[in-house]
Amino acid sequence: MTTAVKPLLRIKELHKSYGDLHVLKNVALDVYPGEVVSIIGASGSGKSTFLRCLNVMEMPQQGFMEFEQFAFDFREGARAQPSPEQLRALRAQIGMVFQNYNLWPHKTVLQNVIEAPMRVLKMPKAQAIAEGEALLSKVGLFDKRHQYPGKLSGGQQQRVAIARALAMKPKVMLFDEATSALDPELVGEVLALIASLAAEGMTMLLVTHEIAFARDVASRVLFFDQGTIAEDGPPETVLRNPRNERLRQFLKRILHEDITPSAAEKAQ
Amino acid sequence: MNQLYNDIQLYGAGFMEAAWLVLLITVATIALSWVFGLLAVLGKRSDWLPLRAIASFYVWFIRGTPALIQVFIIYFGLPQLGLNPSPFLAGVIALGLNSGAYVAEIIRSGLLAIPKGQFESSQALGMSHPETMVRIVLPQVFRIILPPLTNEAIAALKNTSLLSTITVVDLTLYAQTIISTTFRPFQFFIATAVIYLVLTTLLTQLSSWMERRQLRLS
Chain P
0 MTTAVKPLLR IKELHKSYGD LHVLKNVALD VYPGEVVSII GASGSGKSTF
50 LRCLNVMEMP QQGFMEFEQF AFDFREGARA QPSPEQLRAL RAQIGMVFQN
100 YNLWPHKTVL QNVIEAPMRV LKMPKAQAIA EGEALLSKVG LFDKRHQYPG
150 KLSGGQQQRV AIARALAMKP KVMLFDEATS ALDPELVGEV LALIASLAAE
200 GMTMLLVTHE IAFARDVASR VLFFDQGTIA EDGPPETVLR NPRNERLRQF
250 LKRILHEDIT PSAAEKAQ
Chain V
0 MNQLYNDIQL YGAGFMEAAW LVLLITVATI ALSWVFGLLA VLGKRSDWLP
50 LRAIASFYVW FIRGTPALIQ VFIIYFGLPQ LGLNPSPFLA GVIALGLNSG
100 AYVAEIIRSG LLAIPKGQFE SSQALGMSHP ETMVRIVLPQ VFRIILPPLT
150 NEAIAALKNT SLLSTITVVD LTLYAQTIIS TTFRPFQFFI ATAVIYLVLT
200 TLLTQLSSWM ERRQLRLS
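Protein chains in written order, with numbering that gives the first Met the number 0: chain P, 0 to 267; chain V, 0 to 217.
It cannot be assumed that every hint is accurate.
Mimicking DSS-like on lysine-lysine, the simulated pairs with C-alpha atoms at most 30 Å apart in a straight line are [claimed, not checked]: (1) P:Lys106 with P:Lys168; (2) P:Lys106 with V:Lys115; (3) P:Lys11 with V:Lys115; (4) P:Lys106 with V:Lys157; (5) P:Lys5 with P:Lys170; (6) V:Lys115 with P:Lys124; (7) P:Lys121 with P:Lys143; (8) P:Lys143 with P:Lys124; (9) V:Lys115 with P:Lys168; (10) V:Lys115 with P:Lys150; (11) V:Lys157 with P:Lys137; (12) P:Lys150 with P:Lys168; (13) P:Lys150 with P:Lys124; (14) P:Lys143 with V:Lys115; (15) P:Lys121 with P:Lys168; (16) P:Lys24 with P:Lys5; (17) P:Lys24 with V:Lys115; (18) V:Lys115 with P:Lys170; (19) V:Lys115 with P:Lys121; (20) P:Lys106 with P:Lys170.
Where chain P lies over chain V, by a calculated footprint (3+ residues, C-beta under 8 Å) [said to hold, decoys possible]: (21) 109-119; (22) 125-133; (23) 136-144.
Since the hints were derived computationally from the structure, they do not count as laboratory data. C-beta atoms are modelled at their ideal positions from N, C-alpha and C, and glycine is treated no differently.
Input sequences plus hints: build the corresponding full structure.
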């Protein structure tokens, strides 16, 4: 990427603590349009917390954030502290996919997908349905549109959750361990969908344990360690020739105990 | 057999009327209890301390005192403040307040049963807190609490008999009136019990029909 391209998302001096526990320590990150950023790291390294700070599901104690029309200063009492309205507007432009899908069980697949566009974007119902059905076709679940989530497999539920996030036409997608709760044989279909979104140029950040996926699909890999970004670079550099000793140990741990990283993570 | 026929001829219509009144009081009580229950839950979850205190006091007071005393406080106490509700109105308010405290606890437990992820996924899509509650959380809470709500509705129905003490001509007072002239308490109290049983069974049936309907939906 050239320096002339403006970052889509810019984070500076980000700090997050829970009581005495300093989870994120002065994190900075620029994400450029179209980048696919894989975030790896041991549990407790702060990677999920960081992801959740990006749509301010977690409110940082300190830090600056620039995204689209928003410029936030998270310090207490700062004039640019985000208002609740700004936060809703921000989140409407940032899609998030959770480990446990978090579909709404009392709504059908299609209702799950059209709810937010209708409520938040005030989209007319007919348009929301048309776009929702198109998205469900895209994720291969058009046939299931009138089913309830409880009737679907984990992989299918996660694909619906992705369609639900995409229905808001987000500028960036966040995946928080999107395949960690899935049975091993269902991981592939979700990863394939994420890879196809990446190929379309969707900007995304993924907290993942799928090292192979990070290697093959990501354009950039971040290694979180003790609340900071310890490594940042293209996958071939970060994953094949890790300079950081702790990253070397981390990769050894999750790659050597088992052939598939997800299974190794689950076994822990 | 002949006597039963005569009794039904003589008192059947009166029992029907009293049963109808019981049903009316029950429906009004349930509606009111949901309002009070929801308000109490909102109060308990409020950021404002006085509101939390009022809601907690309400639930604590109601659950810790007999329903009959609460009925007396409303019916005999309010006139001292210059308010003169009819027995029916005073009864419905008292029973509604009573049931509301229990409904509040039921709703609260239902809310606790909703996984955090349900709130988070709505929040992450840019939905406001009220939208999340109305569209996503409360419909799920209602499913979870339907069985305990049914129990509470049955309790409310049976509690209507307390209003016989404040001159509401419900099933209980009607039966007592007849018995005072016929001197046959056994027959008429059993008849009264059977009518209560029919009413509570109807309520249970209604509730299980709703539950089945929801099961089909999800």
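Outcome of the hint check:
Proposed proximity of P:Lys106 and P:Lys168 is supported: the alpha carbons are some 21 Å apart, at most 30 Å. Using a Cα cut-off of 30 Å, the hinted pair P:Lys106 and V:Lys115 holds, with the two alpha carbons roughly 17 Å apart. Distance restraint check for P:Lys11 and V:Lys115: the Cα-Cα separation of roughly 29 Å lies within the 30 Å cut-off, and the hinted pair is therefore satisfied. At most 30 Å may separate the alpha-carbon atoms for a hinted pair to count; P:Lys106 and V:Lys157 exceed this at roughly 36 Å.
Between P:Lys5 and P:Lys170, the direct Cα distance comes to roughly 14 Å. Compliance with the 30 Å bound is thereby established for this hinted pair. Taking the CA atoms of V:Lys115 and P:Lys124, the gap is near 28 Å; set against the 30 Å cutoff, the hint holds. Restraint check for P:Lys121 and P:Lys143: satisfied, since their Cα atoms lie roughly 25 Å apart, inside the 30 Å limit. The hinted pair formed by P:Lys143 and P:Lys124 meets the criterion: a straight-line CA distance of about 19 Å does not exceed 30 Å.
Under the criterion of a C-alpha separation no larger than 30 Å, the hint pairing V:Lys115 with P:Lys168 is consistent with the structure, at around 25 Å. In summary, the hint linking V:Lys115 to P:Lys150 is supported, as the alpha carbons are separated by about 21 Å, within the 30 Å threshold. The suggested pairing of V:Lys157 with P:Lys137 is violated, with an alpha-carbon distance near 56 Å, which exceeds 30 Å. Only pairs whose Cα atoms come within 30 Å are accepted, and P:Lys150 paired with P:Lys168 is accepted, the gap being roughly 27 Å.
Simply put, P:Lys150 and P:Lys124 have alpha-carbon atoms about 25 Å apart, close enough for the 30 Å limit, and the pair holds. For the hint linking P:Lys143 to V:Lys115, the alpha-carbon distance of about 26 Å falls within 30 Å, and the restraint holds. Proposed proximity of P:Lys121 and P:Lys168 is supported: the alpha carbons are some 13 Å apart, at most 30 Å. The hinted pair formed by P:Lys24 and P:Lys5 meets the criterion: a straight-line CA distance of about 25 Å does not exceed 30 Å.
Between P:Lys24 and V:Lys115, the direct Cα distance comes to roughly 26 Å. Compliance with the 30 Å bound is thereby established for this hinted pair. Taken as a hint, the V:Lys115 and P:Lys170 pair is honoured in the structure, with Cα atoms around 25 Å apart against an allowance of 30 Å. In summary, the hint linking V:Lys115 to P:Lys121 is supported, as the alpha carbons are separated by about 26 Å, within the 30 Å threshold. The hinted pair formed by P:Lys106 and P:Lys170 meets the criterion: a straight-line CA distance of about 26 Å does not exceed 30 Å.
Residue count for the stretch 109-119 of chain V with a Cβ under 8 Å from a Cβ of chain P: 4. That meets the three needed, and the coverage hint holds. For a cut-off of 8 Å, the count of residues in the stretch 125-133 of chain V with a CB near a CB of chain P stands at 4, and the three-residue condition holds. Beta-carbon proximity to chain P at under 8 Å applies to 3 residues in the stretch 136-144 of chain V; the threshold of 3 is reached and the given coverage holds.
Checked against the numbered hints given earlier, this structure breaks hints 4 and 11; the rest are met.
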